[in-house]
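Colleague: Listed below, chain by chain, are the residues.
2 protein chains.
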Amino acid sequence: MNFDEKLLATKAIYQGRIINVVEETVELPNGQQAQREIVRHQGAVALVCISDEDPQRIILVDQWRQPMRKASLEIPAGKIEAGEQPEYTARRELNEEVRLQATSLKKIAFFYTSPGFADEQMTLYLAQGLKPVEKKLPQDADEFLQVEKLSMEQADQAVASGRICDGKTLMGLWYWKILQAKG
Amino acid sequence: MNFDEKLLATKAIYQGRIINVVEETVELPNGQQAQREIVRHQGAVALVCISDEDPQRIILVDQWRQPMRKASLEIPAGKIEAGEQPEYTARRELNEEVRLQATSLKKIAFFYTSPGFADEQMTLYLAQGLKPVEKKLPQDADEFLQVEKLSMEQADQAVASGRICDGKTLMGLWYWKILQAKG
Chain L
17 MNFDEKLLAT KAIYQGRIIN VVEETVELPN GQQAQREIVR HQGAVALVCI SDEDPQRIIL
77 VDQWRQPMRK ASLEIPAGKI EAGEQPEYTA RRELNEEVRL QATSLKKIAF FYTSPGFADE
137 QMTLYLAQGL KPVEKKLPQD ADEFLQVEKL SMEQADQAVA SGRICDGKTL MGLWYWKILQ
197 AKG
Chain S
17 MNFDEKLLAT KAIYQGRIIN VVEETVELPN GQQAQREIVR HQGAVALVCI SDEDPQRIIL
77 VDQWRQPMRK ASLEIPAGKI EAGEQPEYTA RRELNEEVRL QATSLKKIAF FYTSPGFADE
137 QMTLYLAQGL KPVEKKLPQD ADEFLQVEKL SMEQADQAVA SGRICDGKTL MGLWYWKILQ
197 AKG
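Taken in sequence, the protein lines are chains L and S. Last residue of the first sequence? That's 199 in the working numbering, and every number before it is there in order. Last residue of the second sequence? That's 199 in the working numbering, and every number before it is there in order.
In short, the hints are calculated from the structure, not lab data. In this text the structure is predicted, and so the values were computed from the model without any measurement. Please note: incorrect hints may appear among the correct ones.
Pairs count within a copy or across copies, as identical chains cannot be separated in the list.
Here are the simulated lysine to aspartate or glutamate pairs, EDC-like style, with alpha carbons at most 20 Å apart [what the hints assert, rightly or not]:
hint: 1; residue 1: K95; residue 2: E39
hint: 2; residue 1: K22; residue 2: E159
hint: 3; residue 1: K152; residue 2: E100
hint: 4; residue 1: K198; residue 2: D20
hint: 5; residue 1: K22; residue 2: D158
hint: 6; residue 1: K95; residue 2: D78
hint: 7; residue 1: K193; residue 2: D172
hint: 8; residue 1: K198; residue 2: E169
Only chain L is shown next, with the shape it has when bound in the complex:
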């Protein structure tokens, strides 16, 4: 079955610092037209960080999330800046947020976070061979965060209590469970 939608027109709605919004008119497979509301975002990366010295704990950052109106405990992550390759962004965020560097980054997933209305792409890495950075990069002026290290049991409790409540962090925890199940 061919169910491609054909783009007929794009109307710019909003140009922000983080997101742009457009309305697209598309032609449906049955010839009729529909409107699609689309948020454009430059993409992001996130990192599953488990250090060699403490392989029973995952490294998380606690930070305020205004869309949630509360703090949220998440795996380190950040937006891809203009011109950056995702792996560069991952290494930069690893330094800025948790002051670590990795001997290797393994790409473990690539996905759209919310394909119904947004084009945001997320690349998820497993960071291995972690050690403290030699040179600390400056942190974002409007970003305040606190690093925490949780065992699997503590992480499961944080999910149950709602402190962990975002998709990429659940994916990080589930990936860790799959790794442990493999032994």
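Starting from the known structure of chain L, fit chain S onto it as the hints suggest.
Modeller: Relative to the frame of chain L, chain S by itself:
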């Protein structure tokens, strides 16, 4: 550490059918102000569907995703309509998209899809005891989709080829892997 952000002002930017956009001015922990761009969305549900008759296959739907500019193979999902409880939405989407009903729905995850800029919440269910519906609900007029059933190996191939490329579906597959590892 207290890193709460205090809401100072909200500016409405866009009111669409699916999303609203607002700009919020917040006071940071250091007393300075920052702007947050926020997409408001009524939330959604998604379902991991593995039938008793065919426990080695997961049920997916192929559909066009205009934000991606391509088709995408995803677990059944849909937006929560005004006044709906998430479980009601899940049963409705299960009927509309794959023409199945479930004897039980188990909530397996609740998460924000993209907490940096959106308040969209997703509830993920495991649908058990699946059988064909007695009464088919009408499908959305602008939604065209095709049901597919994939083995774990086929699903892994679809991830590798990019046919499966959204967060909730990867979570569904990873949850299935964890279930299988538990035996």
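Colleague: Could you tell me which of the hints above the structure violates, numbers in ascending order?
Modeller: 4
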